[in-house]
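> Listed below are the residues making up each chain.
2 protein chains.
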Amino acid sequence: MKSYYSIGLDFGTNSVRALLLDLISGEEIVSETENYQSGELGVLLDNKNPHLARQYPGDYSVSFAKVFTRILKKARSVGIRLDDIKGIGSDGTGSSPLPVDETATPLAFRDEFKDNLNAQTWLWKDHTSAAEAAEITDLARKMRPAYLKKCGGAYSSEWFFSKIFHCLKVDPKVFKTAYSWLELSDYIPALICGNNDVRKVKRNICAAGHKAMFHPDWGGLPDTEFLHHLSPDFADLRNRLYSQAVTSDQIAGVLSREWCQKFELPKAIPVAVGALDAHLGAVGSGVGKGIFVKIIGTSTCDIMVQPDDGTELDIPGVAGIVPGSVLPGYIGIEAGQSAVGDIFNWFVSRVRNEDEKHHLVLTKQAEKLKAGESGLLALDWNNGNRNILTDPRLTGLLVGQTLHTTDYEIYRALIEATAFGARRIIEQMETHGVKIDKVINCGGIAEKNPLVMQIYADVLQRPMQVAKSAQTVALGAAIYGGFAALKGNKGFENIEAVQSRVCRVKEKVYNPREREVKTYQRLYQVYKKLHDGFGIKNTSLEMYPIMKELLEIKRSVSP
Amino acid sequence: MKSYYSIGLDFGTNSVRALLLDLISGEEIVSETENYQSGELGVLLDNKNPHLARQYPGDYSVSFAKVFTRILKKARSVGIRLDDIKGIGSDGTGSSPLPVDETATPLAFRDEFKDNLNAQTWLWKDHTSAAEAAEITDLARKMRPAYLKKCGGAYSSEWFFSKIFHCLKVDPKVFKTAYSWLELSDYIPALICGNNDVRKVKRNICAAGHKAMFHPDWGGLPDTEFLHHLSPDFADLRNRLYSQAVTSDQIAGVLSREWCQKFELPKAIPVAVGALDAHLGAVGSGVGKGIFVKIIGTSTCDIMVQPDDGTELDIPGVAGIVPGSVLPGYIGIEAGQSAVGDIFNWFVSRVRNEDEKHHLVLTKQAEKLKAGESGLLALDWNNGNRNILTDPRLTGLLVGQTLHTTDYEIYRALIEATAFGARRIIEQMETHGVKIDKVINCGGIAEKNPLVMQIYADVLQRPMQVAKSAQTVALGAAIYGGFAALKGNKGFENIEAVQSRVCRVKEKVYNPREREVKTYQRLYQVYKKLHDGFGIKNTSLEMYPIMKELLEIKRSVSP
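Line order of the protein sequences matches chains B and Y.
In terms of my numbering, the first sequence opens at residue 13 and continues consecutively.
In terms of my numbering, the second sequence opens at residue 13 and continues consecutively.
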């Protein structure tokens, strides 16, 4: 059978990755990565403000050109006809808005703004806008409580409006000069399609939903009155943003003539509407009905879908519930933990003062421990709690230390804490009617750290599968690129048809171990007590039994 | 004016130290140390049981001979007439009981027992007897609650009867062969005086009081009925222990003829009754009315005296309240923290995996922080809480970690935790009528770590003085050695007269700093909430505000 191909483009925090996918056999032909050139590993920092993280928008096209050239070269070398590359899909990490003019050109490209950090892309992990996030949350609580219901009860400093609002406050010149703001995931299709009218740039529902509080229930973006309460200038911006947001199986345009010439392409390739990286990671991992995907990296994204049968879905404390944000025809559900790998990295780099090779040393030692043997319990809140408490002003906690406690015991306790946090999220979803049949993990930690996966299986009390692809995000982008171009054709009836050929899991499945399940069940009760005691206002619990219970669990599992 | 001299002998955990003191000028002429030869740094360990810590009793005489010889050589070389050395005082670390026969000879000297760990000295830090301590505590609670009132509400696994009771259970042969048991602090005077009748060995009230539950209120040791409830064999031992315990200004005997010959001494020197090391450290630091002495080492001993005017003194949660245990005519009050230096050592060795030089690195970095700047708060319970919760089954806790938290911030939080723990003890004493005018610190940490002293001044809200002598324990022994021999003579009317000539403080006084006092006052309120919440049964407190308050304090002190 004749094959068709697509290319997925994943614009991440430090680099862009491109993947050439065989849409029929599901084979990943080749992938290429190119780091951004600016800043520190692609991120512009401000040594006066540790919360700031930006990207130079000029890096995207430079890196794209390099990586795309290499992909095509490889395609040619293995005898793939370029005509058979049917579509391009893409994602951008986010929410990462950038200010642009009417021609969809970043302000950062102008001389007067090129060194102005506020004119660059405001990267998702930029946390300068905490005060604005709180202001938006407070106002919504009073004025538009419905807005908060779809984003877990609090609007985040990592999201679209917090960042733009902060820009308005600290750099009104940039704010006023900007005709509009684009999510990185919308800028990329515009860039490669050569779209020079920002009004015509299609906005993806994946980024718009909850991160820009876009929802059909209230007619799209937050209303003018609401924004006016924040600032009249802000309300004025609303008209220069967008009123439609579409799913990623739509075509955004075709690769521009300039790029086609540069790449010596015979024919313009259709380009799909973009999406956020995590969502496409879930698509590439095989997300679907009953399949819960965990993308485990520095932080963790949990993605799930629920058939959109018209009934309202509210899960208190769960951040993003948006129709079509993951798969067309499904309500996308997005939750997550603000720090997972970041907590392990914190312990290695900040507490142990070691380089990243030390993860392996600690993991090897921690592997020898039984559940409960350390006597330790931690809360996974070093970067706040995204779900289900949605409170960025929570911090870490470790209890149970003795004079014998070792570094690797603490390391394991931190892994366990993230597993307990993961379980709290799954429980919340199940309690609110989401049925979870299977958990598939992807991301660096899922692939590289069997100890983490085993602990997750034991704590979550279900098998942990791991996506076979090492680049599920780019794979998800390629799936959407191919599907948007070919949908309706045989084998492209729906996106699940493509996923069924492409998405695989590794042979190794981590199964829960009876003894460890039992111990973690006890420990989880203690975790919940700490979680509720420290995380929920107006809650008074007796903490005295906690240390005794940890000692008792330790005793019960010790040889 | 003609000078008189005395020698203080301090039998510690790893070595014996001897000090030659000029009783008139107060000058410390010379001091000498000799490490014990057996085990690991003088401590016999069992690699199958990390709680075990013993000493070989034969080490004492070997080390004593060496160190005493060197002291006398020095005395001769500076022209001191050996006739003018008027007394010897001594202490032993404790409670460290050893099984002996009727001739006061350790069972460990017999061939059949020489390799038996249970026939050796059971060092204070031996924690094999936790179950027996609990059994004694439980029985006393039911049967003799008064016993517990003088030892802070719980009998410790570190103390006399717990250890002997454990020996009875695990090694009945040693127990039955032992005619009696001596505290190390009573064995030393017996050893150097050549006392070969254990019934005639004077027992010091310092070790007997609370550590052996000895108190005049109930006629000395715990009564036969009580001990019988623990075990009939145990009750039988009572008659072979002691019915009198005396203060350390009493003479135990004179240096034996054998030792005098060995040392070529013209005349036998009087030897005072022994005492526990911490108490003599307080005496050497100048403890007296209104003067609170903190001996800060791996753990901390707080020693205070109160004039014994016949009124009962009860301080809930304070371990040792014993008439005459520190100074004759005063009620001695002993409290303490189960781990202080040990917590810092734990962090450096177990968490940071560094050697002890790393304390300096962390201290230098921690010094640059302001109070509250780290956003962290810790509980100082890695080794349980001796006072005022008297609960060995409490563990450490750290709260407030973010992804930016550094090792030196944690190190400082641990120092602060011990300061808060110290404050809780002082508050308890003051609440119960003990007036504290001055705090004098001694011990390795007080001398070597200005950061610890400064934080203590800021947290305790009063100046911290440091004893001038680097060996206050041996100094206290020498004071008692001289006073016991010369009391009644001019200049030796009471022990305070000797102390006034001998005990000095360093010029450098650590004064509380207004700004830090204010911040620590806020942090201490948070500490108390954690302390009460995790440390007191049936107490439900709202923990939610803790993380917010720590963030708020951090914000308020940040530049």
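Calculated directly from the structure, the hints in this document are not laboratory data.
Some clues are possibly wrong.
It does not matter which identical chain is used: a pair holds within one copy or between any two.
[Said to hold, decoys possible] Below are the BS3-like pairs computed for lysine-lysine, each with C-alpha atoms no more than 27 Å apart in a straight line:
hint, residue 1, residue 2
1, Lys369, Lys480
2, Lys480, Lys301
3, Lys137, Lys78
4, Lys279, Lys98
5, Lys560, Lys161
6, Lys566, Lys541
7, Lys181, Lys566
8, Lys541, Lys560
9, Lys566, Lys60
10, Lys60, Lys450
11, Lys212, Lys188
> It remains to establish, for every hint, whether it holds in the given structure.
Consistency of the hints with the structure:
1. Proximity of Lys369 and Lys480 under a CA criterion of 27 Å is satisfied intra-copy only: 24 Å inside one chain copy versus 47 Å between copies.
2. When the C-alpha separation of Lys480 and Lys301 is checked against a cutoff of 27 Å, the pair qualifies only within one copy, where the shortest distance is 19 Å, while the shortest distance between copies is 75 Å.
3. For a Cα distance limit of 27 Å, the shortest separation of Lys137 from Lys78 inside one copy, 26 Å, qualifies, whereas the shortest one across copies, 67 Å, does not.
4. When the C-alpha separation of Lys279 and Lys98 is checked against a cutoff of 27 Å, the pair qualifies only within one copy, where the shortest distance is 10 Å, while the shortest distance between copies is 109 Å.
5. Taking the shortest Cα distances, Lys560 and Lys161 sit within 27 Å of each other only across copies (24 Å), while inside one copy they are farther apart (39 Å).
6. For the identical chains of this complex, Lys566 and Lys541 are neighbours both inside a copy (18 Å) and across copies (26 Å), given an alpha-carbon limit of 27 Å.
7. Taking the shortest alpha-carbon separations for Lys181 and Lys566, only the inter-copy value of 24 Å comes in at or below 27 Å, while the best intra-copy value is 53 Å.
8. In this homomeric assembly, Lys541 and Lys560 come within 27 Å of each other (Cα to Cα) both inside a single copy, at 14 Å, and across copies, at 18 Å.
9. Proximity of Lys566 and Lys60 under a CA criterion of 27 Å is satisfied inter-copy only: 17 Å between copies versus 45 Å inside one chain copy.
10. When the C-alpha separation of Lys60 and Lys450 is checked against a cutoff of 27 Å, the pair qualifies neither within a copy, at 45 Å, nor between copies, at 44 Å.
11. For the homomeric pair Lys212 and Lys188, the shortest alpha-carbon distance inside one copy (21 Å) is at most 27 Å, but the shortest distance between copies (96 Å) is not.
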